[in-house]
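Throw the hints in and build the complete structure from the sequences for me.
The primary structure of each chain is shown beneath.
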Amino acid sequence: MERLEAFLRFLTASKTEIRYSATPVAALARKYGEDLPFLKRCAEKCEAGENWDEAWKSAVMESAERDGFPRDDEDLFLNFGAGFGTSDTEGQISHFSLYLELGKAELESAKEERGRKSKLYRMLGVSGGVAAAILLC
Amino acid sequence: MDSSNGDRFASAAVCICDRIRTFLLALPEAVRKDAQEIRLRVGKPVCVICPGGSCFLKQDGGVSRLPEPGCLISSRADLEESFRMLCGYSVYSHENEIRNGFVTIRGGHRVGLCGTAVLQGGIVTGIRDVSSMNVRIAREVPGSADRIFSLLGEKMEEGLLIAGPPASGKTTVLRDIARQLSDGKRGTARKVAIVDERGEIAGTFRGEAQNDVGACCDVLNGYPKAEGILMALRSLSPQVVLCDELGTQSETEAVEQGLNAGVTIISSIHAGSLEELVRRKQAEDLLKTGAFGYVALLAGSGEPGTIRRILRAGDLLAEAFRGGSADRRGVSYGISGVL
Numbered sequence: 106m107e108r109l110e111a112f113l114r115f116l117t118a119s120k121t122e123i124r125y126s127a128t129p130v131a132a133l134a135r136k137y138g139e140d141l142p143f144l145k146r147c148a149e150k151c152e153a154g155e156n157w158d159e160a161w162k163s164a165v166m167e168s169a170e171r172d173g174f175p176r177d178d179e180d181l182f183l184n185f186g187a188g189f190g191t192s193d194t195e196g197q198i199s200h201f202s203l204y205l206e207l208g209k210a211e212l213e214s215a216k217e218e219r220g221r222k223s224k225l226y227r228m229l230g231v232s233g234g235v236a237a238a239i240l241l242c
Numbered sequence: 025m026d027s028s029n030g031d032r033f034a035s036a037a038v039c040i041c042d043r044i045r046t047f048l049l050a051l052p053e054a055v056r057k058d059a060q061e062i063r064l065r066v067g068k069p070v071c072v073i074c075p076g077g078s079c080f081l082k083q084d085g086g087v088s089r090l091p092e093p094g095c096l097i098s099s100r101a102d103l104e105e106s107f108r109m110l111c112g113y114s115v116y117s118h119e120n121e122i123r124n125g126f127v128t129i130r131g132g133h134r135v136g137l138c139g140t141a142v143l144q145g146g147i148v149t150g151i152r153d154v155s156s157m158n159v160r161i162a163r164e165v166p167g168s169a170d171r172i173f174s175l176l177g178e179k180m181e182e183g184l185l186i187a188g189p190p191a192s193g194k195t196t197v198l199r200d201i202a203r204q205l206s207d208g209k210r211g212t213a214r215k216v217a218i219v220d221e222r223g224e225i226a227g228t229f230r231g232e233a234q235n236d237v238g239a240c241c242d243v244l245n246g247y248p249k250a251e252g253i254l255m256a257l258r259s260l261s262p263q264v265v266l267c268d269e270l271g272t273q274s275e276t277e278a279v280e281q282g283l284n285a286g287v288t289i290i291s292s293i294h295a296g297s298l299e300e301l302v303r304r305k306q307a308e309d310l311l312k313t314g315a316f317g318y319v320a321l322l323a324g325s326g327e328p329g330t331i332r333r334i335l336r337a338g339d340l341l342a343e344a345f346r347g348g349s350a351d352r353r354g355v356s357y358g359i360s361g362v363l
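Which chain is which? The protein sequence lines are A and B, in order. Reading the first sequence from the start, the letters are residues 106 to 242 in this note's numbering. Reading the second sequence from the start, the letters are residues 25 to 363 in this note's numbering.
Any given hint could turn out to be false.
As the list claims (entries may be wrong) - Far from chain A, by Cβ distances over 12 Å, these chain B residues were calculated:
#1 47
#2 60
#3 61
#4 75
#5 104
#6 108
#7 117
#8 171
#9 209
#10 248
#11 283
#12 286
Stated by the list, open to error - Derived Cβ-Cβ restraints for the label pairs, each shown as a range:
#13 A:167 with B:272: 50 to 58 Å
#14 A:177 with B:255: 49 to 57 Å
#15 A:167 with B:146: 45 to 53 Å
#16 B:149 with A:183: 24 to 32 Å
#17 A:205 with B:190: 44 to 52 Å
#18 A:212 with B:230: 30 to 38 Å
#19 B:143 with A:117: 40 to 48 Å
#20 B:260 with A:167: 47 to 55 Å
#21 A:167 with B:323: 54 to 62 Å
#22 A:136 with B:323: 44 to 52 Å
As the list claims (entries may be wrong) - Short derived list, chain A residues pointing at chain B, Cβ under 7 Å:
#23 123
#24 127
#25 129
#26 130
#27 157
#28 190
#29 191
#30 192
#31 193
#32 197
If you're looking for bench data, these hints aren't it; they were derived computationally from the structure. Every residue, glycine too, gets a C-beta built ideally from N, C-alpha and C.
As structure tokens, then:
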């Protein structure tokens, strides 16, 4: 969830930078890479001479493997990267708006999932406690 | 800054996709050294333009003078990848340049783009489906203006209009004039303002001139020429204003204002020959401002930067346009000219 929240912050900030200062993609990745390790890795790969598309893909996939991203998050980041930088400002603003919505929906479902799981774990904990009390009595 | 023409070729090829760049960099040194342009067209052979004509790249690494079977063909994917590389994978950050049809890259090379126009309210707002790319390799030829300086000397201060056909070296000569004047190679170091509407003279990339235009030179990059000339007069107090390819009415008016401010104007104009020059209304209007004491005619694309003739503008006006006002001093010497 923290990763999705950081991704949404990156989208909001980058959308503004693209509209007002047309900052190139590699500079955005470098600037906002501190909160999102795959962005930082992507920026490093670009600086090492890798082309942007490959750098983005491999950085997301490496991070997904290392940090255990859910498949939905990995797809979200990969699909966003495929359109990042490929069009004019208006096209990018629309692209960012779309992924902000998708990211928010993803975050909501992650929160619901966490809520459901925490309720389940709470119930399991209570049930386990009651069972233990019965056994001890 | 690149030192040799071979290096220049390599730095220009940076914006071309890996598949084609590999072939380009494997070209014989002689071709790389002389290359003026690299051309990519969807579904057509990759072509390098040299002073002697076109060279088509072949899949076996050789070159041919004519497009023939076995030539290296650039695909749509090659063009798309090259376009994105050209923009540093950030198309939006080059919107204005794309709208104008070209992008300047590190090294001062200019990449012309051709595709389908995107229109909004009848105005071109962009290009989609890029179908051709033309990488014009920027060259610096230090000393290319030596002959003009040796023939004109201090008379250069009376203003100079350089006329020549495309690829005759007008911009190269202008750049060397800027460098020599602002570096003080010809007397004291002059304050030179370059109005570089298309980024070809200084080759500015991220605010830094990629070509050597001298120590006392200010570059107004991307400014429309008329507006740039007036801006330079207002804000930079230049001694010399230099720009490429004048022609419109507003530019002529700006030149007149420059003349009134006591500034030396040095510029260029498209004209394949003296006859073509005198037929052009824009040339007549420009010369009638009195801002140009001399006209230098370049030889052509086969001999880039070679001066064919230097004429006194007043004589040209008097003889060719009938009724001109001679040069700014009102002197006419006959159309035989200086050279």
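Outcome of the hint check:
1. 47: holds, 18 Å
2. 60: Fine: 27 Å to the nearest Cβ keeps residue 60 of chain B off the interface.
3. 61: At about 24 Å from chain A, residue 61 of chain B clears the 12 Å cut-off, so the statement holds.
4. 75: holds, 33 Å
5. 104: violated, 9 Å
6. 108: Violated, since 7 Å does not exceed 12 Å.
7. 117: Not fine: 4 Å to the nearest Cβ puts residue 117 of chain B too close to chain A.
8. 171: holds, 42 Å
9. 209: Residue 209 of chain B clear of chain A: closest Cβ-Cβ about 37 Å, beyond 12 Å.
10. 248: Given that every Cβ of chain A is farther than 12 Å from that of residue 248 of chain B, nearest at about 20 Å, it holds.
11. 283: The claim holds: residue 283 of chain B sits with its nearest Cβ about 37 Å from chain A, beyond 12 Å.
12. 286: The claim stands: residue 286 of chain B keeps its Cβ more than 12 Å from every Cβ of chain A (closest is about 39 Å).
13. A:167 with B:272: 50 to 58 Å: holds, 55 Å
14. A:177 with B:255: 49 to 57 Å: holds, 53 Å
15. A:167 with B:146: 45 to 53 Å: With Cβ atoms ~48 Å apart, the hint holds.
16. B:149 with A:183: 24 to 32 Å: 30 Å Cβ-Cβ, so the 24 to 32 Å window holds.
17. A:205 with B:190: 44 to 52 Å: holds, 48 Å
18. A:212 with B:230: 30 to 38 Å: 36 Å Cβ-Cβ, so the 30 to 38 Å window holds.
19. B:143 with A:117: 40 to 48 Å: Given a distance of about 32 Å, which is not inside 40 to 48 Å, the answer is violated.
20. B:260 with A:167: 47 to 55 Å: Check passed, 51 Å falls within 47 to 55 Å.
21. A:167 with B:323: 54 to 62 Å: 58 Å Cβ-Cβ, so the 54 to 62 Å window holds.
22. A:136 with B:323: 44 to 52 Å: Holds: the Cβ-Cβ distance is about 51 Å, inside 44 to 52 Å.
23. 123: holds, 6 Å
24. 127: With a closest approach of 4 Å, the residue 127 of chain A hint holds.
25. 129: With a closest approach of 4 Å, the residue 129 of chain A hint holds.
26. 130: holds, 5 Å
27. 157: holds, 4 Å
28. 190: holds, 5 Å
29. 191: Holds: closest Cβ of chain B sits about 6 Å from residue 191 of chain A, inside 7 Å.
30. 192: Nearest chain B Cβ about 6 Å off; hint holds.
31. 193: OK, holds: residue 193 of chain A within 7 Å of chain B, min 5 Å.
32. 197: holds, 5 Å
In the structure shown, a violation is registered for the earlier hints numbered 5, 6, 7 and 19, in ascending order.
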